[in-house]
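Participant: Residue numbers (numbering that gives the first Met the number 0), protein chains in the order written: chain V, 0 to 305; chain U, 0 to 402; chain C, 0 to 318.
Source of the hints: derived by calculation from the structure; they are not laboratory data. The structure presented is a predicted model; accordingly, all values stated were derived computationally and were not measured. Mixed in with the good hints, there may be bad ones.
As the list claims (entries may be wrong) - Non-contacting residues of chain C with respect to chain V, defined by C-beta distances greater than 10 Å in every case (computed):
(1) Trp69
(2) Leu74
(3) Leu92
(4) Ala96
(5) Leu108
(6) Leu111
(7) Glu129
(8) Gln234
(9) Ile308
(10) Pro310
As the list claims (entries may be wrong) - Below, a sample of chain C positions facing chain U; criterion: calculated Cβ distance under 8 Å:
(11) Arg215
(12) Thr216
(13) Arg218
(14) Ala219
(15) Lys220
(16) Gly221
(17) Asp223
(18) Lys230
(19) Asn235
(20) Gln311
All C-beta atoms in this analysis are idealised placements derived from N, C-alpha and C, irrespective of residue type, glycine included.
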Amino acid sequence: MSVSDLVESAFSGSSESGKTFGIRSDLLERFIKTIRRDLRAKIGFLVVALFGLSAIFAPMLAPYDPMSQQFPILMPPDPLSANPLGTDSFGRDLLSRLMYGARISLAVGLGAVTFGAVLGILIGLFAGYYGGYIDDLLMRAVDVMWAFPWLLIAIMLVAIFGQGFWNVMVAIGFAYIDDFARLARGEVLAIREEEYTMAAKSVGLEDYEIIFEEVFPNTVAPLIVQFTIFTARAILAESTLSFLGLGVKPTTPTWGALLGQGRGFITQAWWISIIPGIAIMVTVLGINLFGDALRDAFDVKETGQT
Amino acid sequence: MSSQPRPTQRAGPSVSTTVTEEPPLLAVDNLHTTFTTERGDVPAVDGVSFAINEGEVFGIVGESGSGKSVTALSLLGLADGATVTADRLCFRDEDLLAKDEAALREIRGNDISMIFQDPMSSLNPVMTVGEQIAEVVRHHGDVGESQSLFAELRRKYVTGTSESSASWQRAVELLDTVGIPDPADRANEYPHQLSGGMKQRVMIAQALAGDPDLIIADEPTTALDVTIEAQILNELLDLRDEFGVSIMLITHDLAVVRETCDRVAVMYAGEMMETADTRTLFEDPRHPYTRGLIDSIPRTDDDREWLDAIEGNVPDPTAKPQGCPFRTRCDAAFSLCEEPLVAYSAEEPGHRTWCHLYNDAVANDGDEVQRVDDAEAKQLIQEHEASDDLVTPQRPNFGGEYR
Amino acid sequence: MGMRRYIAKRVAHALVVIYIVATIVFFAVRAIPGDPARVLLGGDASAEAIAALREEMGLTEPLYVQYIRWMGRILQGDLGTSVFSDQSVLQMLIGVAEPTLSIAGLGMLIALLIAIPAGITSAVKQYQWEDYVATTVSFIGISMPGFWIGIVLLIIFADRLGWVPAFGYVSFRQGIIPWLKHIILPALAVGLPYGGILMRMTRSSMMEVLNEDYMRTARAKGLDGRLIVFKHGLQNALIPIVTVAGILLGVLLGGVVAVEIVFGIQGLGRLLIASIQRRDFPAIQGAVILISFVFVFMNLLVDVLYTSINPQIKYGGSE
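Could you put together the complete structure from these sequences and hints?
Facilitator: As structure tokens, this is what we get:
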């Protein structure tokens, strides 16, 4: 026991209290307090809000139509001109394209993680709760997924099912199933033996009731953290796929696609590939910062998954 | 691994109005260890005074959270993130608080070594037990082997420690001393290959390796089976007899104290309640808390059960009541208990009780107060505060065997 | 469990995984829409010609027969012939594997060389300026797509400064220096995000180790700070990192694919993307199997490394 544990144990009197979303409400309170004070959380939230809002309201906020080729081509960025971020090789306004691109990039990122998380958590919960051969079977399947690098899975899925918004979302999210399954299972195994689960069993609750009402809420904190961090990863993944020409649709402006279009003009017009990259970096950085603050606030251990 | 600066604070009247002829091995007077946390300052140790003599087994007993482990860590500068102050914190008349980190390292392991509660987690899982002992032998510095960073890292990651080296052979010898069979083979094993009792023996061998004058044993048997507990405690007592090493034994178990310690201090909420030689403490316990502890011994059949005999909880360390911290749970509490605590000496030399029941202006029948002369009592308390003596009586060892 | 049995078990596990991967790939590739015969002959080929080619390629047989034949050939080391170039797939893979493995290998080396020292420093100097610098840099590192780092590096060091060539690959057989000049930027591009993740892992692992009881024991023995960190802490901190490094290989291999495109390097990634566009089934199968094989094999190596630094596995389980 370290000294800080000793101090900590001196504090811990009887602090049993109510629960909100399965998180003890005193913990939730502490969590909100921590987040409010955390500079990373503030910056992260601000960045995400800024990009999120400009994505949602792109049609109102964007100065021009992202597809209209109405300007001189390859204009360098100039904050005072009509095209503050310059134009691309077709004379389209990069700022407008960037704002519309955020819509797809953020939506695919969020959707992909949601897909992976829902499937993964279900698998993990059932595997962890039932144990035995169900656990073996599900976890071996998850093991095999691990043998494929994520990009390979995504490329194969896009190749099979074709490009498009939903397909890309699923293709990226598919690779996250195993991560969420592992995490959820691990948490469940730890919780399964806890007293309140035993208690729920002894009063005769149905299995699904126990899983969703008792077990799942208690795995929420690490899952929220993982969800946040993986959203950042999924945005990076979307940009990679789009860059490879396997994204939503070659003509749709997404950050990765913008970046890819700039590749041929690196020497003449660096801004076409650099500016979308900065947008990606700042967004992902913001989400990661927020996730990091969440992790500390929830006191979730860092794993290599993130 | 930054070392916290340990501000020295010297206050109050001069310290050494000591009665003893010979200075004690370790003298602690008015030790305060305070952790600064988000919830405010936590005085984990709040004015603790005691002394340990050569060849003595000194017990510190208290509930978990009473500050006994922090007291031990404070002595060696291992209480991370804490501010340690004391009127006096001397080992062989050397001021430990005045020492910097480098000087403290010379003391640690060589003069004062420690045995921790949980041998499973206190031994390094990726080092052979032989190496863990041998490095202390080298650190002690009389085997003529290099202990530079480079030499140590080469031993760890490249060559391993030679079995013919003096430090390794001494490690094997030490394993033999603490009663480990086949010590030469065992030295090459990793902690996870040994049983809990064996691991604690390794910890003891490691603590002995620097040939220390004082071993601090922090709940050395709490994590072990009862049968192993007796073996380990006897091992420690044997070492005292064999090498004359002093032992500071930290425990929550008065039964252990009765069988092993020469003298004992009872701690509660970071403060001293009573100190006496063991026999006196059990024959004439004066503090209501000590009595509560002793009364609950016969019912002991598990770690903490006996605490239930005293009603209530240990106070929150950030909101400790003024005066005596035990008064909120004390049956004998009365008007003076909010006054600052001072020590009252009993007839037996070295028997001191931090309880106002023993103020000369208070008449009591041992359990309850009959009459209090408030004005006089407060006067006496002030006088006591002004001259808080450190009393370190010389007493023969009891020897003794733990059963 | 002894070390040998442990490794034998891992090898067997790896073989099973590769077998399953190969099977999945076989069926997945056949699920890709588009008829390879039609793709090969072009849009205006006659129906008879396409049918004849399908016959010749063995595509008319039932799927399970194709599968069994294919497995049989794979066991003999024959990955088939590319429908696009008529070249043996194995030969094609050998040709493109070198640049990919060079980039991945150097990238990993860069990542480890940056991440581990930085992570240890960060943990030991927690909440001091060294920690803030290291965590900030690693945070930015993990927030950038690797291929974009490649583009930035390319613009600065190849295009503007002209220190290294911007495109292509030169084998190490033609000289170590030219080889390094061609792969250093791609390796940095794949290595930096990977290094960022590893650095954060190292930091948190080391911080956890620093709080362990045995580290306090080491201090109580009177050892000095550096010795405690490097002798008592490092190996313990590396145990989880080694595992994670294996998992992250997937991230790194994925990164190489896009980075090859940026730097115009004829590697495994480019071959894979091109083969998918051409519906070159044998080449896709070969590339995917090779990538998975490398991934599984590297994880196996990591496992072996893991046993050698974790005595709890090397010398039998704990009681």
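Participant: Does the interface hint hold: is C/Asp223 within less than 8 Å of chain U, judged Cβ to Cβ?
Facilitator: This interface hint holds because 6 Å falls under the 8 Å limit.
Participant: Classify the hint on C/Asn235 as holds or violated, based on whether any CB of chain U lies nearer than 8 Å to its CB.
Facilitator: Holds. Min distance 6 Å.
Participant: Using Cβ atoms only, decide whether C/Lys220 comes closer than 8 Å to chain U, and label the hint accordingly.
Facilitator: Hint holds; C/Lys220 Cβ to chain U Cβ min 4 Å, cut 8 Å.
Participant: Against chain U, is C/Arg218 within 8 Å by beta-carbon distance?
Facilitator: Hint holds; C/Arg218 Cβ to chain U Cβ min 6 Å, cut 8 Å.
Participant: Is the Cβ of C/Leu92 more than 10 Å away from each Cβ in chain V?
Facilitator: holds (15 Å)
Participant: Can the hint on C/Lys230 be confirmed by a CB-to-CB distance to chain U that is less than 8 Å?
Facilitator: Constraint on C/Lys230 satisfied, holds at 5 Å.
Participant: Can you verify the interface hint for C/Gly221: is its Cβ closer than 8 Å to any Cβ in chain U?
Facilitator: The hint holds - C/Gly221 has a Cβ within 8 Å of chain U, the shortest such distance being about 4 Å.
Participant: Any Cβ of chain V at or closer than 10 Å to C/Ala96, or is the non-interface label fine?
Facilitator: holds (15 Å)
Participant: C/Gln234: least C-beta distance to chain V exceeds 10 Å?
Facilitator: holds (18 Å)
Participant: Does C/Trp69 sit more than 10 Å from chain V, CB to CB?
Facilitator: holds (17 Å)
Participant: Measuring from the C-beta of C/Arg215 to each C-beta in chain U, is the shortest one below 8 Å?
Facilitator: holds (7 Å)
Participant: Does C/Pro310 sit more than 10 Å from chain V, CB to CB?
Facilitator: holds (22 Å)
Against the hints set out earlier in the document, no violation occurs for any number.
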